[in-house]
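K.L.:
Okay, here's what each chain looks like letter by letter:
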Amino acid sequence: MTQTLALLLDAYRELNAKKMFWITLILSALVMLGIAAAGIHETGFSVLWFKFDLWDMGDMGAESMDEIRAAFYKEIFRYVGVTIWLTWAAIILAIVSTASMFPDLMSSGSIDTLLSKPISRLRLFLTKYLLGLGFVALQVLVFCIAGFFVIGFRAGDWEPRIFLAVPIVLMFFSYLYAISTLVGVYTRSTLAAIVATVIVWFGLFAINAADGEILEAQAENQVMLDRYRLGLEYAQTLDAEPPEEGGRSEREQFLQMWGGDIDGEIDALERSVTTWENWRRRMMWVKTPLPKTGETRSLLRRALVPTEDLELPEYDPADGPDQAGFMGIQTSEQATPIMMMRIQRDQRPAWWIVVTSLLFEFVVVGLAAWKFCRRDF
Amino acid sequence: MSANGLVIDLKGVEKRYGRKVHALQGVDIQVHPGEVFGLLGPNGAGKSTLVKCMLTVVRPTAATGEVLGAPLGDKPTLSRVGYLPEHARFPRHLTGRQVVEFFGAMAKMPKAECKSKAQELIDLVGAHDYADRKVGGYSKGMQQRIGIAQALVNDPDLVVLDEPTDGVDPVGRRDIREVLMAIKERGKTVFVNSHLLSELELICDRVAIMVGGKVVQQGTIDDLTIDEKHYLVTLDWNRETAAPGKLAEALGVALKQEAERGGVPVLAGDLGGVRCELHGPKLKVMVTDPPAIQPVIDKLRGAGIVLKSVEPKRPSLEDLFMQAAGEGGDH
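Those protein sequence lines, which keep their order, are chains A and B. So for the first sequence, the working numbering puts the first residue at 21; every next one is plus one. So for the second sequence, the working numbering puts the first residue at 2; every next one is plus one.
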């Protein structure tokens with residue numbers, strides 16, 4: 021215990037000397053102040069005492085407004101606080117400030133004295149590794165405590181689930197920290213550790229983006245397929261007889277609105293859905309052994325806004341297939357594929373995300389530990 | 002202590018780096034309790050590697066033996082060992098005092114004891130003026146003093162110092178030497194690794210000379226130099242006025258030129274049954290006892306040669322080292 025406390029104190033002094041710990045904490049405080057300064061009301065947003073009237077919700081009643089306010093703060097905490105700040109900007113600062121931990125430890129003349137003490141190499145390695153994680157956990161915990169009080173005081177919603185951000189952000193960081201540690205142990209270079217970590221992070225981001233594109237394309241085609249099938253069913257209910265006064269029957273007019281050949285469209289969409297489904301399966305093979313940064317981050321959203329709470333907009337086949345604009349969500353109908361994509365993504369079990377990602381981290385950290393324990397200094 | 006009463010008893014220590022580098026080639030080292038033991042050798046001889054093998058910094062390819070009575074590599078035993086590595090670098094964000102306390106804690110010392118011991122050692126190594134400043138601003142000499150303090154903080158039975166006077170000015174070297182003598186007086190065993198031979202000569206009880214990954218000589222300096230002890234007779238002899246052959250003629254001996262050093266011929270031969278070498282005006286008489294030199298002095302004076310001085314001599318550690326290094330290099 022004496023040794024662990026000494027290493028803890030040393031790690032704190034090291035981070036303290038680099039100022040990065042305090043810089044990150046101050047920036048976190050500023051982000052939280054920004055969140056606290058924002059507000060929502062019946063006619064728009066407010067920042068401090070400045071009001072921006074953007075809509076008119078009418079008289080919502082105090083209860084509904086409180087619900088909206090709570091949802092607003094939770095979403096802003098999740099998106100600005102966690103997604104943008106904690107799992108993006110603050111992670112970069114954390115990577116930079118922790119990347120030197122192992123290269124510095126292992127520099128010639130520095131490691132010799134430590135290894136000559138009665139502490140096993142594995143324990144020394146793991147203690148250092150966990151201390152790096154511990155300081156990030158501390159940062160996130162402080163941020164979450166502040167977030168808890170901001171949401172509580174500003175929206176009257178004392179939401180304990182926001183503390184899930186601590187393990188989630190820590191897990192997110194730990195995947196990258198494992199890479200940084202492995203490269204740091206092998207190369208003893210801080211710069212190499214940072215560069216390799218950023219490259220891997222970028223690679224994971226690219227894979228995640230490709231996965232998103234595949235899911236979106238699949239969802240888009242699935243939505244259209246469902247609509248065409250509904251359209252076909254609806255068409256069967258319409259009168260196929262042409263009106264006595266001449267012209268097209270109701271069914272013909274309806275089918276015309278759908279492009280004429282619904283059966284052909286359904287065949288094409290079924291093939292397309294199958295193709296994208298195959299790509300989705302391939303992507304799952306690629307993703308399974310890798311850390312899932314995007315999905316890990318989304319665990320907080322899944323906890324705060326569960327998929328069950330999502331309400332898919334109602335669809336009436338009489339309105340036609342509405343193929344326009346899947347990319348921007350201007351209408352509730354256009355939002356459907358995006359929501360479907362999210363539902364599909366959220367169907368991936370949390371245990372799969374956590375276990376496979378931690379398995380990757382375990383292997384990477386294991387390799388780093390093995391190298392640290394075996395190498396001569 | 003090992004069963005045979007040794008603090009360090011290493012046998013057959015081997016270290017290979019890949020297939021090409023054979024850094025240690027079966028090293029045997031024995032260090033007795035309470036002695037200052039010096040490990041000498043040229044750069045690349047394997048001194049630091051051997052020390053690192055003892056302290057688990059480097060994993061030996063093969064080795065048997067004990068350190069403080071425990072098998073080589075036994076981690077708990079290291080709480081009784083203090084170590085200052087070569088080119089020691091301490092965390093720049095710590096003060097000298099924090100460095101000493103940190104390594105005390107790493108040696109499992111209780112906090113209060115660690116603090117008081119740190120103060121005592123800071124005073125001992127003369128670092129009190131800068132002990133509360135960050136190590137990042139220290140000179141090499143300051144770092145070495147703090148390094149020695151951290152090596153002693155756990156009150157070790159064995160202190161291993163790798164080039165402790167490296168980069169230290171002459172005053173600092175003298176101070177460090179005094180610290181080492183103080184440690185020795187406390188009954189601790191000191192293992193010093195250095196190539197500063199004059200330093201070691203002043204403090205070491207026993208030495209080992211390593212060349213090319215092997216120990217080529219080991220023992221007390223007296224033991225190692227016994228064969229090379231001699232008397233040096235300085236003659237009032239002027240090369241300008243008399244040729245070296247004239248001395249042989251005067252003494253009635255045949256001196257033959259055997260070598261040349263610094264442009265001066267070395268003449269050697271027997272004088273009264275004793276081997277002598279003439280290096281210019283200096284006559285090296287290969288005897289160790291005062292009675293044995295007397296017949297030679299009588300002969301010289303009988304030949305009318307004036308003697309300026311007669312001194313008993315033994316080779317310096319440097320001579321020994323150079324000789325061993327030469328022989329080792331020939332292997």
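Simulated from the structure, these hints should not be mistaken for laboratory data. Watch out, some of these pointers could steer you wrong.
Unchecked claim - Below, in silico cross-link-like pairs of lysine-lysine (DSS-like), each with a Cα-Cα straight-line distance of 30 Å or less: (1) A:K148 to B:K76; (2) A:K38 to B:K112; (3) B:K135 to A:K148; (4) B:K118 to B:K215; (5) B:K283 to B:K300; (6) A:K391 to B:K109; (7) B:K283 to B:K215; (8) A:K38 to B:K300; (9) A:K148 to B:K215; (10) B:K215 to B:K76; (11) B:K230 to B:K314; (12) B:K76 to A:K39.
K.L.:
Would you pick out the hints that fail for this structure and give their numbers low to high?
P.N.:
Checked against the structure, the hints that fail are numbers 4, 7, 8, 9, 12, while the rest are satisfied.
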